[in-house]
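Colleague: Here's the letter readout for the chains.
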Amino acid sequence: MTEPAAVTPPGAIPPATNEPASSASQAGFRAMWERWTSHVFTMREDRFFLFLAVLIGILSGLAVVCFRIAIEWTDIELLGSSLSPTFPRVVLAPTLAGIVVALLVIYAFPRARGSGVNQTKSAVYVSNGYIPFNTVVGKFITCALAIGSGQSLGPEDPSLQMGAGIASLLGRRLRLSQEKVRLIAPVGAAAGLAAAFNAPISAVLFVLEEVIGTWSAGVLGAIVLAAISSVVTMRAFLGPESMFRVPPFRVAKPADLLAYVALGIVGGLASLVFLKWLAYARPRMQALPRWTQHFQPAVAGLLIGIIGIRLPQVMGAGYPIIDQAMHGQFTWKLLLVLAALKILATGISFLSGTPGGMFAPSLFIGAMLGGAVGAIEQHFFPALPGTVGTFALVGMGTFFAGFLRVPITSVFMVIEVSGNYTAILPVMISSLIAYGISRSYIKVPLFDLLARQDGLVLPSVEEQREQMILTVEDAMRVDAALVLERAEQVADAIKKLEGKEGLLSFLRVRPGEWNFIERSELQRLAADTSQSHTVGEADSKGPLPFVFRDMSLEEALHWAGDWPVLPVLSRADLSKLEGVVTLADILKAFRKVPVA
Amino acid sequence: MSSPANTIALGKKSPRIYSREAVLLGCILLLVLFVLFTAAVSRMYHKSIHVLADNWFDQGEASFRAGDIKSALTDYRNALVYSPDNAKFQFHLAQALSAAGRGDEGRSYLLNLLSESPGSGDVNLTLARIAAHKGLNSEALRYYHGAIYGEWDNDPISRRWQVRRELAEYLLDHGLQQQAVPEIIALADSTPANDTEQLRVVGNVSLRAKLWTRALEVSRTILSANADNEDALLGAATSAFNLGQYSAALDYFDRLPEKDREAPGVAEMHKTAQQINEMNAFLPGLSREAKARRAASALSLAANRLQQCASQVGQSLPATPAQTQLQKALAESKELTAEQSWQNIAKHPETLDELMGHAFEMENAAAAVCGEPEGADRALWLLGRGREFRHSD
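Residue numbers (my numbering), protein chains in the order written: chain X, 1 to 596; chain R, 1 to 393.
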């Protein structure tokens, strides 16, 4: 068979003449590559952004897999493979690792310190999407060392930041538009968090709820794609199993839900205590002389090691311990002690500036509290459905919602980390209660608080979310219009207007077509006594753009400047006038709302 | 790497695109390298983790076998840290917890396992034992049934048989005899006729459930293979005795070794069987005279018992007209016993059944008022009940 003559593109390496088969395959590969690159590089930027999201997801997933393995190995090497490390290790490992971490953070990776969520937010709002790659490396090394040595911190927040850092690097190197570079960090953040939690929905929700604050269609698709691809990557290497296994249960009676109301109150109060402590202690720790930063992680490690001599369960991220609590392995007294000591240990680790996240510790604290509340309630009401494990699971979501102030994420996170849908109702109830308590007593959410303490004024997503949206209904006047018909006599219209100075006249031309008639125009026609005039003869302004009572005031504002007044019509009947709104009315309504 | 078409399509943005192309190619190469690196690292990690998990598990097994449950629990938990979804590890931890008297803690792991494999025989059985330990009968029953109809890795027939036996014994221990009966019947049906040991177990539970016919049948099966099997002899004797087959019972009792025959309960039954045998007028092979003597003796014995009972409860006998059941029975018997000497009975052997029937009625009447009799009266009363039982059959 004769080979067809290959067309060599300009600049390509000519095929070797003595290897016809190889050269044909090379040419085929080259043609395929060029077709593909042509396709990729000529695609619109928003499509390219989606393609990039998948790439970011895979890279973030790989990074998180390596990160988790690094933590595990560090843990085994430093503390041993037993759940109960022996005495010298339990104290020495976190202390010595603390010194190394402090030196790394001070001299090599200064940005590894601090919250990954806030650094991602500041990338979006302050630094045009820029997160130095050095931060990713720094987070990886320092967090693996800190968490692996037993510091009471979790791997999720660093994973989130690693994802954001990888995304930022790619966005910059690929020279995306400024807007896309800014938005790409949250895409990576979602990928990192999704892989860390093995929970794509929660990661997407968290990033939307806490980092971006809006459900922007432009970025939602990319975030979802990145989260999915990172989770798929992570599962390919670490397995598809959900983090915890809790047997399904059924809430038989509505009264059973009261048990979870109690859990919501306890979780809310506990999150309040933790938040208050952090809010109080962090500025004081930051105010200490700079040289103390060399020793703060080591001192924190020493203190945690001392706690760990008796209760090693509080060390590290604590996922195996959460699993044990969910299987009812601890008494309610021990669960309460573990929750209290974990708050203490996590506070110490975090305040010392040791890099690491608070997601896992907050899940730990919630699980212990939930288990304790469940065990106590089941002691008094043995017929309550569910096990201690069920309460521990719901407790995780409860404390998470109260502490991090992300109620929607917390509900979905519980479902995803357990693969158990039956807990949804209890966790919704208790999470909302905990969130409500936390919000009532501490106005600023944790991440905003940390940002403000660091001198950053990042937009508060919670405030944005809860900002009142004004509608036309808030500004419109109901009894300020007189509806006139074409055939109506002007004299009759004048009579109706007499003594009502503020009344505005509208001519109903046909459904959806309304005109405005000045009072002076009607008076002009009425003054002509030579003949009787109908309203239809009057000089009217219109057709007026109309609005509906549920439309936002911002939308109405677009029209209000050009027209003296806007009719507010019924959506069900465009010939029915429900009210009127003017520019002055709109501005008055805006002024009434307090600025956040 | 850009084609002319690309350059035309992208126009003046081409320098940026070339750069993006190179970066993307670099990214893809990096991605491939990163995947390979992660795969290698992950393989090493999983290998070392599995080794650790297996080591801890083996250590746990050794501790458990040595009876050191506390150490076994720690070791199993350590194993689970490195292999949290390992069903075998979870199951062994649950078993160790159960053995440590912490069934509630083990239950949670087992419920998880059950939600994943609801048909697991092992898991159902362990859950059933935990529920049984807590006295949760309906739950125990549910899990025992789950185990019986569940899947077993090794020798499922034998394991199911063992579980059903355990269930039957549990039900009998808890006085749930009615629920035990179908289990015992099913157990007997699934027992091979040549397995003496299993037949012995079936015989025992049948005896405990007072399934005399089945117990006798099982014991006879065992005896047909081994005529000297003591358990089978005792089972056959007891069940035959309770079925009113006193001759057969006596035969089995007599074949028992003396030490077994003298055991409490057995000796009493043996003696009663002997007495019944001695006063049974219906025994085949007896002469007419012997039958008549036995019938006359029975009538006399029953009448005396009636008299004693009447005086015990303060009723005057005979009373005219007879009012109570006791008085009526005595009135009838007076006439009979006055006329029926053994010689008369021997002359009219056709009256033997009727006369013995009267004797049994008198014993029944006395038993109804004064309670179950003892000694020879008990033997006569039981003989009568045995005949009633056979006739009603």
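A portion of the hints provided could be inaccurate.
Chain X stretches covered by chain R per the calculated footprint, using a threshold of three residues with CB under 8 Å from any CB of chain R [said to hold, decoys possible]:
no., stretch
1, 56 to 62
2, 78 to 88
3, 187 to 194
4, 234 to 244
5, 582 to 592
Cross-link-like lysine-lysine pairs, in silico, DSBU-like; alpha carbons within 35 Å at most [stated by the list, open to error]:
no., chain 1, residue 1, chain 2, residue 2
6, X, K333, R, K291
7, X, K333, R, K70
8, R, K70, R, K134
9, R, K134, X, K333
Partner residues are not named here, just some residues of chain X that face chain R (Cβ under 10 Å, in silico) [claimed, not checked]:
no., residue
10, E72
11, K333
12, L334
13, T387
14, H533
In short, the hints are calculated from the structure, not lab data. Here the structure is a predicted model, which is why all the values come from computation and not from measurement. Note that the Cβ used here is the ideal one computed from N, Cα and C, for glycine as well.
Colleague: Next step is simple, just say for each hint if it's right about the structure.
Modeller: Results of checking the hints against the structure:
Counting residues of the stretch 56 to 62 of chain X whose beta-carbon sits less than 8 Å from any beta-carbon of chain R gives 3, enough to reach three: the coverage restraint holds. Taking a C-beta to C-beta cut-off of 8 Å, the stretch 78 to 88 of chain X contributes 4 residues in contact with chain R, enough for the three needed, and the coverage statement holds. By the rule of at least three residues with a Cβ nearer than 8 Å to a Cβ of chain R, the coverage given for the stretch 187 to 194 of chain X is violated, with 0 such residues. With a threshold of 8 Å between beta carbons, the proposed coverage of the stretch 234 to 244 of chain X by chain R holds, since 4 of its residues qualify and at least three are required.
Only when three residues or more bring their CB closer than 8 Å to a CB of chain R does the claim for the stretch 582 to 592 of chain X stand; here the count is 0, and the claim is violated. The straight-line distance between the Cα atoms of K333(X) and K291(R) is roughly 81 Å, outside the 35 Å bound, and the hint therefore fails. A threshold of 35 Å between alpha carbons decides the hint, and for K333(X) with K70(R) the separation of about 20 Å falls inside it, so the pair holds. At roughly 22 Å between alpha-carbon atoms, K70(R) and K134(R) fall within 35 Å of each other, so this suggested pair holds.
For the hint pairing K134(R) with K333(X), the CA-to-CA distance comes to about 23 Å; that is within 35 Å, so the pair holds. Against a cut-off of 10 Å between C-beta atoms, the interface hint on E72(X) holds, since the closest Cβ of chain R lies about 7 Å away. Evaluation of the K333(X) hint against chain R yields a violated restraint, the C-beta minimum of about 15 Å exceeding 10 Å. Using the Cβ-Cβ criterion of 10 Å, the hint placing L334(X) at the interface with chain R is not satisfied: the shortest such distance is roughly 12 Å.
With a cut of 10 Å, the hint placing T387(X) at the interface with chain R holds, because the nearest CB-to-CB distance is about 6 Å. Hint on H533(X) is violated. Least Cβ distance to chain R is approximately 65 Å, over the 10 Å limit.
Against the hints set out earlier in the document, violations occur for numbers 3, 5, 6, 11, 12, 14.
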